[in-house]
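Residue numbers (the numbering used here), protein chains in the order written: chain U, 968 to 1435; chain B, 968 to 1435; chain X, 968 to 1435.
Just so you know, not all the hints are guaranteed correct.
Since the list gives no way to pick out one identical chain from another, each pair is judged satisfied if it fits inside one copy or across any two copies.
Lysine to any residue pairs mimicking SDA-like chemistry, simulated, CA-CA at most 25 Å apart [claimed, not checked]: (1) LYS1340 to ASP1031; (2) LYS1046 to PRO1087; (3) LYS972 to SER1098; (4) LYS1111 to GLY1235; (5) LYS1051 to LEU1018.
Hint data in this document are derived by calculation from the structure and do not stem from the laboratory.
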Amino acid sequence: MRFLKELGQTDPLNIGRQLHGFAAELYPICRSITGDGIRRTLAMIQSRIPLQITEVPTGTSVFDWTVPEEWNIRNAYIKDAHGKHIVDFHQSNLHVMNYSTPVHATMSLNELKAHLYALPERPDWIPYRTSYYQQNWGFCLSHKQMLALGEGDYEVCIDSSLEDGHLAYGECYLPGSSTDEVLISCHVCHPSLANDNLSGLTVTAALADLLSGKSLRYSYRFLFIPGTIGAITWLARNRENVGRICHGLVLTGIGDAGGFHYKKSRQGYAEIDQAVTHVLRDCGEPSEILEFSPYGYDERQYCSPGFNLPVGCLMRSVWGTYPEYHTSADNLDFIQPLQLGRSLRVCAGVVDVLEENRRYRNLNPYCEPQLGKRGLYRSTGGEAIATEINARLWALNLSDGAHSLLDIAERSGLPFATISDAAELLCQSGLLAPIPSGATFAGRDGRLQTDLDKAQQIRGSHKVATLD
Amino acid sequence: MRFLKELGQTDPLNIGRQLHGFAAELYPICRSITGDGIRRTLAMIQSRIPLQITEVPTGTSVFDWTVPEEWNIRNAYIKDAHGKHIVDFHQSNLHVMNYSTPVHATMSLNELKAHLYALPERPDWIPYRTSYYQQNWGFCLSHKQMLALGEGDYEVCIDSSLEDGHLAYGECYLPGSSTDEVLISCHVCHPSLANDNLSGLTVTAALADLLSGKSLRYSYRFLFIPGTIGAITWLARNRENVGRICHGLVLTGIGDAGGFHYKKSRQGYAEIDQAVTHVLRDCGEPSEILEFSPYGYDERQYCSPGFNLPVGCLMRSVWGTYPEYHTSADNLDFIQPLQLGRSLRVCAGVVDVLEENRRYRNLNPYCEPQLGKRGLYRSTGGEAIATEINARLWALNLSDGAHSLLDIAERSGLPFATISDAAELLCQSGLLAPIPSGATFAGRDGRLQTDLDKAQQIRGSHKVATLD
Amino acid sequence: MRFLKELGQTDPLNIGRQLHGFAAELYPICRSITGDGIRRTLAMIQSRIPLQITEVPTGTSVFDWTVPEEWNIRNAYIKDAHGKHIVDFHQSNLHVMNYSTPVHATMSLNELKAHLYALPERPDWIPYRTSYYQQNWGFCLSHKQMLALGEGDYEVCIDSSLEDGHLAYGECYLPGSSTDEVLISCHVCHPSLANDNLSGLTVTAALADLLSGKSLRYSYRFLFIPGTIGAITWLARNRENVGRICHGLVLTGIGDAGGFHYKKSRQGYAEIDQAVTHVLRDCGEPSEILEFSPYGYDERQYCSPGFNLPVGCLMRSVWGTYPEYHTSADNLDFIQPLQLGRSLRVCAGVVDVLEENRRYRNLNPYCEPQLGKRGLYRSTGGEAIATEINARLWALNLSDGAHSLLDIAERSGLPFATISDAAELLCQSGLLAPIPSGATFAGRDGRLQTDLDKAQQIRGSHKVATLD
């Protein structure tokens, strides 16, 4: 558990404060799926980790979609008849519906109201609204502001532009000894919203920083992309290489005070699902595993049936289930340094498991090897054995080519690190040998594990026919 | 959900009253597995739906069985020494053991008692007894009648005949666009017993009436047959065509006040099992799913190992578990119009699911298609999505050739109709295309669904070797 | 259930008293993994059942191990400065660490203490300790004895020898009509410890005695061996024939007052696992089924990945979980005649199930055969059917080549004996025929049984590729 150990040198609160500090720098920027806000954001990430930035021109076809016009905004306000600024973009970039077309006009309250969005049940908060693909303009304001609007004419101004330009995304690629890839993806298109998704952005960047320059088994690809259209664009441009992705995670909403939620990949039994489940079980915080569903973040695209990549989504509180979601209350107070730091630790733990998870072959498969003569057993018989010795017995017994270390950890109930340490020691003693990577086998939870393992292993070798 | 909608125009109580009225007409007839009682019954069904009646001669070999002599009865009584009618067939046809041989004799109470059947624990009720295959005669009477019998001689008379004749059954075949068949079977051999099985008979006839003259995907075959020997006779005469049956239901005991019970087919994972389970889940009444067992109604024959057809059994209260079962208390008051009407609705719902359940192919399987430009998405981003949109995402994501709409409904937790509507809309938009019928895949319940789906799909393509 | 019936003639308490009497004869002997103690033990077993004794020379290579020097001991004591015997081997053979090297010396209390073992938390009990493979000597004594040791010099004497010799084990082979084998294994290397494992030894010997001279379907092999090295030695010498073992049990710790525990084989779904689970379910005592783990008794060797034999372990209280384990408190009072007798009954029940468990073919698979004309059904219709008739319907319905009688017993919820009796009767009536032995199918528990059966049957025909 190399990266977890490296992180362990520092208090998670200290690390989390750095992450929170970075989030605070990024918070004021008005981001969208295109435009200068996201460019500034990518540049700030690039100052911390090696990042290749790609600009894709407006009008480019990406599967069923088209890269849209680039949106930029300079100013926006609503003034009342007395010239008083009622709503001002410079106070909060949430005030303007994202992708609003330019407008400068005077109109009655009634006309204006068709373009106003508020949350009656949360009278102090400004909602976050977008209209990327349907030309429209609008203002978001607190319900209190809405109530204060008297009859009369209002001057509305949105000084924005929608023009041919580019969609930008950032990519940090860390080559490992294998071209098999681990994908970590976060969306970076939301304006002043902290949990959704400066939390995911900062944790992703910190994870890339942690792995950067290290000797790695897998190659790692960190994507900082606009949600939906960014993932679709990246997939369209990298369609041929997507098969390299062995494991993937979407990181989002990972800084709030809630416990962890992991939404499984569409495959549902992938190694990433097994790895995250295992790490969360021992992380010391409450956690819940959710079945895959096709609504959510960019796992929607990675797990579309044509790709069906093993990509899950790690969150704390689930989008849409907390009132602050997509409002001005998802601010810098809503995300907490300690939670950010702990989220990074979980991610590092997942990387450690993926890096170390292998299948081994028992080189003495007939009866137990004599561990005692190798100093790997207790010397006085009759007493109970230690966990470390138990882990060696498990690693020997299940290293039959069918079980990975994660499978053994699950079946034995022992932590992955204990099993992994045992396997390493047994390798050094010539009792186990790693099996070269190739087809991997997924294990499964609970008491039916054995039977389901079998069912899954069969699945592995006898692919279900699907149409394409 | 075409047929459910058509039924929905009428209050289930009104429909149920019609069903109950038909049951009341049929109730007085003394039916048996052969004879004029069943002929009159079939004729009355034939006046409502197109029915082909088959007469199979006594002595015909049907697998391990032989069509028995035809039984008819005109009169039966027990008179005491004073000439008083103690028991009279014309008061209740249950008084005579069904298939009693003719007898006319005078005998002592002691001799008579060997031929009397009563229910001490239910002193007012007459039991229902039969002796089809062992020549015998007997009277069934209430325990109170039994107790009132004094010493002395009794005149017993059963004016019945057992002669070469025929076994009659009725068949209503509604051709659909495919020769693949749905089988609906009910037994029509019981005399004055209402729930068992005038309830099944009337609901089956009403379902046939509902589907008659309509454009159908499947062909439907409704069997009105004597229990056991009727099903065996039909199977023996149709052995070559039985492979056309894709889905089947035995309907019985479906008019009492109890909740639904569905006994799964021997296969246990057939589409009919999945469909009925799904419909019952949303039917608004309590319901319970029972594992297959080899005792019961004619599913015993359809699910014998040589056929192993996907035929389940839909009931309300389970035979043998309620005291009125097989007694004179299973009368017209025991079945309720509202329950009959609701049972018909459930059957119509099952037909709707079978008719509409298909697998589809996502024609844009790489990433989500852009629903917004087709008017299939919300226009303002940032808010939650409606159930209808969620259903579209599910239908797109799982239309990979392996999942049927029922599978998608189960996995998403959404009603079948919502998923089916979504699929239809997506077809109209050119995003989905139906996959021609052929091998179907069954889904499964609960959290293990994914794994078991796989196991089952494997089963589909790699048949388990069985001996024959 | 032939052997269970034979045992049933005698009160289990009476049989248990005989077993306890034999344990009492064996109790005083100082056994070890080699030496005269085990020879005397094997000779006493040989006086009761036919036993072939094998002596394997010191130095023989057995897989990763080597047969050790033979250990014998004549005397051992600790004397204080006054010549008083503080610790005396003749009072309890547990006082000497098993396999202690010879020593005769005078030393200070401090020097001595490095060689003393006691249990502070159980001040009256002597622990059991061994040092087979690391040359050492030691004394085990009660904590009270330990506390009573004053400062001063002590004379220590262990009159033992470690010399070239032999490792002895006993084997009772009862040939059956098939060379397919059932293996029953117990370790016989522990000195004065009653539950671990005179209980297993005496029950194994009694089971062999019960089966001896009888006509048997399987061949039975009873192993009386030193733990670990004995099993390894036997496996090394019989490597070529191990494939004959179809079912196996390790019997240990089977005489104490606790309920039964069965640790499943590594396969986890073997017929032995199914059989023991079924027998325990109906045994009238509490029981628990444990998943396989690689620590325990000689199932460790039989279930090593190279062999992966279907061998489970039947116990009462689980080793290591009760305080008396591996101490002088595991004495003749700790094992109870009634428990020994009942344990033998469970073993006999398992043998009965294995002997009788077969798959049958329904010779009338199309519809039910007419049981009534063969006197196998009730004669009066309308009433409930008896359990015996229900068992016949189950046996007919599931005798499709895929289900064994055990599978049918599990799926029907009826006792194995009821299903087995039904199958025998149906065979006599020409309705079923046994399928010649060959690949067997395992069933499985609970509501997912059907699906998992399928998964497992698939597994049977499509072997998972493993490396070797």
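Results for each hint:
no.	hint	result
1	LYS1340 to ASP1031	between (65 Å within a copy, 10 Å between copies)
2	LYS1046 to PRO1087	within (22 Å within a copy, 85 Å between copies)
3	LYS972 to SER1098	neither (45 Å within a copy, 37 Å between copies)
4	LYS1111 to GLY1235	neither (45 Å within a copy, 59 Å between copies)
5	LYS1051 to LEU1018	neither (44 Å within a copy, 83 Å between copies)
This entry does not satisfy hints 3, 4, 5, going by the numbered hints stated previously.
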